[in-house]
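Engineer: The whole structure should be built from the sequences, with the hints applied where relevant.
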Amino acid sequence: QQQVKQSPQSLIVQKGGISIINCAYENTAFDYFPWYQQFPGKGPALLIAIRPDVSEKKEGRFTISFNKSAKQFSLHIMDSQPGDSATYFCAASRVSGTYKYIFGTGTRLKVLA
Amino acid sequence: ETGVTQSPTHLIKTRGQQVTLRCSSQSGHNTVSWYQQALGQGPQFIFQYYREEENGRGNFPPRFSGLQFPNYSSELNVNALELDDSALYLCASSLDAYGYTFGSGTRLTVV
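Protein chains in written order, with this note's numbering: chain P, 1 to 113; chain Y, 114 to 224.
In case anyone wonders, no lab produced these hints; they're calculated from the structure.
Hints may be right or wrong, so weigh each one.
Reference listing, derived: stretches of chain P covered by chain Y, where coverage requires no fewer than 3 residues with Cβ under 8 Å from a Cβ of chain Y [as the list claims (entries may be wrong)]:
#: 1; segment: 42 to 49
#: 2; segment: 90 to 98
#: 3; segment: 104 to 113
Which chain Y residues stay away from chain P? Per the calculated CB distances, all over 10 Å, these [stated by the list, open to error]:
#: 4; residue: LYS126
#: 5; residue: GLY129
#: 6; residue: GLN154
#: 7; residue: ALA193
#: 8; residue: ASP198
#: 9; residue: ALA200
#: 10; residue: SER217
#: 11; residue: THR222
Glycine included, C-beta positions come from ideal geometry on N, C-alpha and C.
Structural biologist: As structure tokens, then:
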């Protein structure tokens with residue numbers, strides 16, 4: 001019940017295209033869903049996050065769509081750029097108590113120039 | 114304002130040895146969490162410290178232990194190293210649940 005399932009494992013997109021990464025969770029107690037971006041040799045960096053009281057959040061080219069009833073959320077990267085090539089992790093957490101993040105297994109994105 | 118810094122960046126140890134990894138949290142952050150990231154996997158929660166007290170622990174054996182100091186810096190200690198302990202160890206600091214700041218990690222190789 002603590003798992004977060006992420007897909008696809010890898011993704012290749014043309015420059016200017018839309019990258020879509022999906023995650024599903026099981027524990028309905030989760031109430032915070034961040035996305036992290038990780039470049040080789042670096043730690044993950046927070047990209048965008050959402051609470052379950054909204055269905056969509058947009059920051060620049062990055063959008064999270066959230067479906068509470070389906071227990072799914074996704075990251076959309078619009079106008080994908082070669083600089084977006086990185087590994088993306090979704091995560092789920094509770095905002096109270098020990099807020100440990102349960103991470104997905106990651107999606108390696110490559111944007112072709 | 115500095116971010117989260119970890120030391121050392123790389124480390125090679127022999128099976129059975131002990132290791133200490135260090136983390137300086139971002140200024141003002143009173144909570145530190147440690148994660149283990151195996152190659153090609155997402156980070157796995159080890160434990161969290163809040164104001165020098167352990168505030169939660171993941172599914173890791175007792176040979177993984179930690180400390181948080183009054184300046185909120187932290188250490189991760191691993192005893193009796195096993196080959197499977199080879200991973201990137203990430204430290205993250207935060208003020209609350211809304212977004213950790215991660216360090217660049219320590220790459221531990223156990224041979």
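Engineer: Look at each hint and say if it fits the structure.
Structural biologist: Tested hints:
Closer than 8 Å: that is the beta-carbon criterion, and the segment 42 to 49 of chain P has 6 residues meeting it against chain Y, so the requirement of 3 holds. Beta-carbon proximity to chain Y at under 8 Å applies to 7 residues in the segment 90 to 98 of chain P; the threshold of 3 is reached and the given coverage holds. Only residues whose beta carbon comes within less than 8 Å of a beta carbon in chain Y count, and the segment 104 to 113 of chain P has 3; three or more means the coverage holds. Separation of LYS126/Y from chain P is adequate, the least Cβ-Cβ distance of about 20 Å exceeding the 10 Å criterion.
GLY129/Y, annotated as away from the interface, keeps every beta carbon of chain P farther than 10 Å; the closest lies near 28 Å. Its beta-carbon lying about 6 Å from the closest one in chain P, GLN154/Y breaks the requirement of being farther than 10 Å from that chain. In this structure ALA193/Y is separated from chain P by more than 10 Å, as the shortest Cβ-Cβ distance comes to about 24 Å. Here ASP198/Y stays apart from chain P, with its beta-carbon at least about 19 Å from theirs, past the 10 Å limit.
For ALA200/Y, the condition that its CB be more than 10 Å from all CB atoms of chain P holds, with the nearest at approximately 13 Å. Listed as a non-interface residue, SER217/Y fails to keep its Cβ farther than 10 Å from every Cβ of chain P; the least gap is roughly 5 Å. The claim that THR222/Y is not at the interface with chain P holds, since no C-beta of that chain comes within 10 Å of its own (minimum 15 Å).
In summary, the structure is inconsistent with hints 6 and 10 from the numbered list given earlier, while agreeing with the others.
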